[in-house]
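As a plain string of letters, each chain reads:
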Amino acid sequence: METIKLTIDNKVLEVAKGTTILKAAKKAGIHIPTLCYLHLHDLNIENKPAGCRVCVVEVAGRRNLAPACVTECTEGMVVNTHNIRVLNSRKTVLELILSDHPTDCLICAKNGNCELQTMAQEFGIRKLHYEGEQSTYREDTSPAIIRDVDKCIMCRRCEMMCNEVQTVGVLSAVNRGFMSVVAPAFEMNLDHSVCTYCGQCVAVCPTGALTEVDHTNSVIRALADPTKTVVVQTAPAVRAALGEEFGMEPGTLVTGKLAAALRRLGFNYVFDTDFAADLTIMEEGTELLDRLTRHLNGDKDVPLPILTSCCPGWVNFFEHQFPEMRDIPSTARSPQQMFGAIAKTYFADKINVKREDLVVVSIMPCLAKKFECQRDEFATNGNPDVDYSISTRELAHLIKQSNIEFNALPDEDFDNPLGESTGAAVIFGTTGGVIEAAVRTAYEVHTGKKLEKVDFEELRGMEYIREATIDFNGLPIRIGIAHGLGNARKLLQDIKDGKSEFHAIEIMACPGGCIGGGGQPLHHGDSSIIKARQKAIYQEDANKTIRKSHENPYIIQLYEEFLGKPLSEKSHHLLHTHYFDKSKDIKVVE
Amino acid sequence: MANIKLSAEKLDELKAVCKSFNNDKGELINVLHKAQGIFGYLPAEVQEVIAKELNISVAHVYGVVSFYSFFTMLPKGEHPVSICLGTACYVRGAEKVIDEFKRLLNINVGETTPDGKFSLACLRCVGACGLAPVVLVGEKVYGRVAPEGVKDIVAEYAK
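For the record, the sequence lines run as chains X and A.
Throughout, the working numbering is defined as the position within the first sequence, counted from one, plus 728.
Throughout, the working numbering is defined as the position within the second sequence, counted from one, plus 366.
To be clear, the hints were calculated from the coordinates, so they are not data collected in a lab.
Take the hints with a grain of salt, since some may be wrong.
[Claimed, not checked] Only some residues are given here: those of chain A computed to face chain X with a beta carbon under 7 angstroms:
hint : residue
1    : Asn421
2    : Ser423
3    : Val424
Where is the CB? At the ideal position from N, CA and C, for every residue including glycine.
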């Protein structure tokens, strides 16, 4: 490896050729401030448009200041990262950005969690020396995401996520100069675009320009209504991240405290989406085996591979961009929706509450779930199976508002019958988890043998596209895994071109899976947080006594008492769905 | 957004343009330039076709279209009026000429009259500074235009 010697702030260092000043400085323990720059190291995602000029440094012999995020080190380079020229320049840049930024920080959704705000504080900005016109733009509210472009600082992180990582292609910088904004094509609203609501733009937005639609107040109103019975379900990835909002180390599991907090908030029944994840495995796993058997028996009308369908961002993606392939994903509804359907039928009957008087709230690491629960097909006579979906972040706000000292809570259990779950369910929260859970059950059902080892290490990890072959008693089952929609696109294209050799593929829209979801506590560019959450998820799985979905006693009971068997008529009605052609292609006609 | 109808013939022509640039996304600006030549403007539908042909997002295409003032999403009038705002024309009162066109046609710069007859645009120096201020209607050049003369020019085409 070719190396280069340089001096940064009087420190002499040696770095690999091609290293930027920013990275070299970091290695030397010097943290040059950045705003538009974003590097999710463990996910191999980098945004460096060199647009904000906050990271400028002085390079001896160079006329102008150099943006550290894109300037590569050269031999003998002498860099100064904090002399008066640099500090003044940075401050000027920051003041200019602030001069075209609303100062409503106190009532901004990102108050206390905004990178621009933090920087203004760190730089000691107390007065704005530049007053001038402020750009204004309409607010765009969709079912899941709000765009308030007045707060946009044109860092282009959202664009990078939307176009390069997710390949959804909704956002682009449009117009020119002072009028330029990041917007969908023709400046249409998000809900008219092919936005999947994956929320990765929200996850990386440094300011309040992109935020989620907040349903906290609807939940508070439902909890206060004496005529309503309010049940809550919480997704697997939430328990591995919520603690961060209360100052805990990333990767701290807070399952017990989470259940306790929800109970103190006043939910009548504290349930777990994990229960529905076990149910998903029963349905999806059975569907996989059914399709596999028929396909291998020569029924060419049965397509393979089967694709998972738990992720609503992914469902939106293929409905918009690959509608001709919508018969390939499993018809199984997502755990959120399975939970809602069972809660409002089986459980409502059990406790003798009318559907209309039962409110189902979900806590999700996801913003697309907000859209999913509003889909027409998931409602009966206008009453949705899931009434409100709130994010991990919104739950944290709700807990803080309600004077609950989260860190001091005892560990409590979920209620039954919809709160019991297995290790297979909790790993739904990470990339690779859904398919591993499905394999655990499908293997035992198919072979009639007991798995000696339930851990399938070959399905785990953070690589974007992974593949493994699992031996089902002589039948090799080829499995693909993709996370991030850009990688999903690659696997889909292979299927379209007839090149795919997989039997089953798991897809999650967000990098890392739900642990990296658009509704999770903000990582502010530190991707090691997502890795820590993944570790926690597998830890929770390992700690469980039951680790296979089909062994969940309450799932067995649900089938005995209510559903019959997987893929039964009742299951089809309540637990399966169908997909639509939502392509936005224009029909060019004569 | 209401879909406009592109004729099959023009659509083929557009696809041929994309193909002539090897459907290379790096050639987007050239493709847009030619497309505006074909259609006179770049309606959303044309941008969608180009996005598809070049395998890029339509947001990206729109980003480029909205960046360059040369590209327009509004159809030009049957008689496109352009007023030169080059230095010579400007100092000799081109702005007053623009104001008079705006008043008479009741449209702003960049717009087209509802009957589709006239559109109004500004441009920079047509190389006839001796005739400043200069107005073009289609290909025809009018020199030394005074605000009072604008109504005669409009009348010439308003039949």
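- Item | Numbers of unmet hints, in rising order | Violated hint (a single one): 1; every other hint is consistent with the structure.
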